[in-house]
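*Asks:* Chain residues, written in single-letter form:
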Amino acid sequence: MDLYEHQARELFEEHGILVPRAEVTTSAKGAREIARRLGGRVVVKAQVKTGGRGKAGGVKLAADPAAAELTARQILGMDIKGHTVHSVMLAQPVDIETEFYVSYVLDRAAGTFLAIASAEGGMDIEEVAATRPDAVARIPVDPAEGVTGAKAAEIAEAAGLPAQTADVLVRLWGVLTREDAVLVEVNPLVRTAQGQILALDGKVTLDDNARFRRERWGASEAAHEGPLEAEAASKGLNYVKLDGEVGIIGNGAGLVMSTLDVVAGCGARPANFLDIGGGASAQTMADGLNVILSDPAVRSVFVNVFGGITACDAVADGIVKALDTVRLTKPLVVRLDGNNAARGRAILDERAHPLVQQATTMDGAAQHAADLAVSH
Amino acid sequence: MAIYLTKESKVLVQGMTGAEGMKHTRRMLAAGTDVVGGVNPRKAGSTVDFDDRAVPVFGSVAEGMRATGADVSVVFVPPAFAKAAVLEAADAGIPLAVVITEGIPVHDAVAFHAHARRQGTRVIGPNCPGLISPGQSNAGIIPADITKPGRIGLVSKSGTLTYQLMYELRDIGFTTCVGIGGDPVIGTTHIDCLEAFENDPETELVVLIGEIGGDAEERAAAYIRDHVTKPVVAYIAGFTAPEGKTMGHAGAIVSGSSGTARAKKEALEAVGVRVGATPTETARLVLDRLEAER
Numbered sequence: 001m002d003l004y005e006h007q008a009r010e011l012f013e014e015h016g017i018l019v020p021r022a023e024v025t026t027s028a029k030g031a032r033e034i035a036r037r038l039g040g041r042v043v044v045k046a047q048v049k050t051g052g053r054g055k056a057g058g059v060k061l062a063a064d065p066a067a068a069e070l071t072a073r074q075i076l077g078m079d080i081k082g083h084t085v086h087s088v089m090l091a092q093p094v095d096i097e098t099e100f101y102v103s104y105v106l107d108r109a110a111g112t113f114l115a116i117a118s119a120e121g122g123m124d125i126e127e128v129a130a131t132r133p134d135a136v137a138r139i140p141v142d143p144a145e146g147v148t149g150a151k152a153a154e155i156a157e158a159a160g161l162p163a164q165t166a167d168v169l170v171r172l173w174g175v176l177t178r179e180d181a182v183l184v185e186v187n188p189l190v191r192t193a194q195g196q197i198l199a200l201d202g203k204v205t206l207d208d209n210a211r212f213r214r215e216r217w218g219a220s221e222a223a224h225e226g227p228l229e230a231e232a233a234s235k236g237l238n239y240v241k242l243d244g245e246v247g248i249i250g251n252g253a254g255l256v257m258s259t260l261d262v263v264a265g266c267g268a269r270p271a272n273f274l275d276i277g278g279g280a281s282a283q284t285m286a287d288g289l290n291v292i293l294s295d296p297a298v299r300s301v302f303v304n305v306f307g308g309i310t311a312c313d314a315v316a317d318g319i320v321k322a323l324d325t326v327r328l329t330k331p332l333v334v335r336l337d338g339n340n341a342a343r344g345r346a347i348l349d350e351r352a353h354p355l356v357q358q359a360t361t362m363d364g365a366a367q368h369a370a371d372l373a374v375s376h
Numbered sequence: 377m378a379i380y381l382t383k384e385s386k387v388l389v390q391g392m393t394g395a396e397g398m399k400h401t402r403r404m405l406a407a408g409t410d411v412v413g414g415v416n417p418r419k420a421g422s423t424v425d426f427d428d429r430a431v432p433v434f435g436s437v438a439e440g441m442r443a444t445g446a447d448v449s450v451v452f453v454p455p456a457f458a459k460a461a462v463l464e465a466a467d468a469g470i471p472l473a474v475v476i477t478e479g480i481p482v483h484d485a486v487a488f489h490a491h492a493r494r495q496g497t498r499v500i501g502p503n504c505p506g507l508i509s510p511g512q513s514n515a516g517i518i519p520a521d522i523t524k525p526g527r528i529g530l531v532s533k534s535g536t537l538t539y540q541l542m543y544e545l546r547d548i549g550f551t552t553c554v555g556i557g558g559d560p561v562i563g564t565t566h567i568d569c570l571e572a573f574e575n576d577p578e579t580e581l582v583v584l585i586g587e588i589g590g591d592a593e594e595r596a597a598a599y600i601r602d603h604v605t606k607p608v609v610a611y612i613a614g615f616t617a618p619e620g621k622t623m624g625h626a627g628a629i630v631s632g633s634s635g636t637a638r639a640k641k642e643a644l645e646a647v648g649v650r651v652g653a654t655p656t657e658t659a660r661l662v663l664d665r666l667e668a669e670r
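Chains as they are written, first to last, in my numbering: chain W, 1 to 376; chain D, 377 to 670.
Which stretches of chain W does chain D cover? Using the computed rule of at least three CB atoms under 8 Å from a CB of chain D, they are:
#1 206-213
#2 333-339
Sample of chain D residues with no beta-carbon within 12 Å of chain W, all distances over it, derived:
#3 ARG429
#4 GLU439
#5 ASP467
#6 ARG527
#7 GLU571
#8 ALA572
#9 GLU645
#10 GLY648
#11 ALA668
Read the hints as simulated data drawn from the structure, not as lab findings. Where is the CB? At the ideal position from N, CA and C, for every residue including glycine.
Use the sequences and the hints to build the structure in full.
*Replies:* In structure tokens form, the structure reads like this:
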């Protein structure tokens, strides 16, 4: 899960990294109040989980509280790369002398974390890395040893950062490990005219798998992007909303991803990704079907199950259960194979719902579901 | 022959006395796996009856290995305890640890993989279905009865796509099918399995299943170009996945322009690997290729 800038800032502050004074609000009036508290002149920054806010007009300087209110009014509600701005952060402006870039990222191939640092901060680091790779230092960190003072000094030196940044590098490693993050990035990290090292903007991605030992972000983690996501998450379903018309349910992330592709190859667009997981019960299946059927964009549904741990008869029971609780108005194409497939098919045959059709192959079922969605 | 797992393999199950551990130990035994013990410090000294076989429970992996000569451990313990379980297995010097557990924090995985490498323990997973050498042994949760022994090797990031391909190619059969898992940091990789299949005289062709996220498939392609002489047929899932969304597996995410299915497919095709558009077409490409070899 990505954090908002203001949440990342809060974490940095707790770990002893200097940050500008700032507060967050969801209203223009609130922006005026905050600007007053912060001394009048402020930077107003859209809080969205995507980059490129500055270019999109989501970051602006306001000279006084009245200007802050006006600016906040302009920014709130803006759409930045498909993300609606629901809140703004107002921060005290800083006298920047030099800008740097530092981050810790997961190196999947090496199975460890990598420090990435550059004396050229404040810009698109991927661009810098592509055009002038020498300007970016990439140093692996031994997970058992972590970033000690000596390691931090090594990273700073390799990147051409001033020695004073070493302390921030150690503290940032603390954010990564103690908060169970998979990415921490400070861009820019700045040296002010007064000689302080300050994290001006930051990005933190927390590990969803570590949720069980992390309570503080519970509320914001529950704040999903849409009502269907929230509904699915509350039922323990793995759901991603997409913008097509064929609803897709399957078991196992790989098979569901594959199902989306096969449907797309048949000339329709998938409306969602929904994985009922391994060993799903009839209830899970019914919950999943309910989530998908409540999406008005869905015109047909493809249930694609290869029973391994999951038993096809449980899936069929779930479909029948859902048919008893919702009025089905959209056609359902079902393909069951693997564990207890014959029993599952028989259950659906017995129920004989006019809108439920069975198919024997994945490709054939996908074509059928796609045709139904396009013609429906 | 087979890779990593044969009928001689002696298997311990960490977490055997839990609900999942029990269910899958029964299935493994039914598939012919020589399950020689479970591990649970609180139940050491007891036994668990599985139909016609009583399986002893040991207090630690080390104790189980001493008593039985076990050389494989299958880990079913919950995410919060998985790190300790793998560290214990590696410290005991087990040659192979198969980590089925899904949802292990990445910092824990990074820590236990680093330790296992130092100890010389091969880890498969986490968040994987394990591996099966049909007719010989099954370590994990792959259904054993959908295929048979044969001449194809299979390595896959996805459990259900593994089953799908095993089923589609059931008439040819497999030497070993390895589910390496869909997490960002895993132990055994596509490359490790390609190397092992290349060296296995009974494997005639390798099926490689990948998905969005990371660059493991691109690296596998480079390895195939330089080291693999046997035919490889591939399937990649996730062409329609949008950027920035995790598609079920913790590792399955397109970040910016990296990790796309298209890039992976192109990298594989550039080294002569045929890539199927659907699982069924992939199976057909395998059959065509085996036919052509005759």
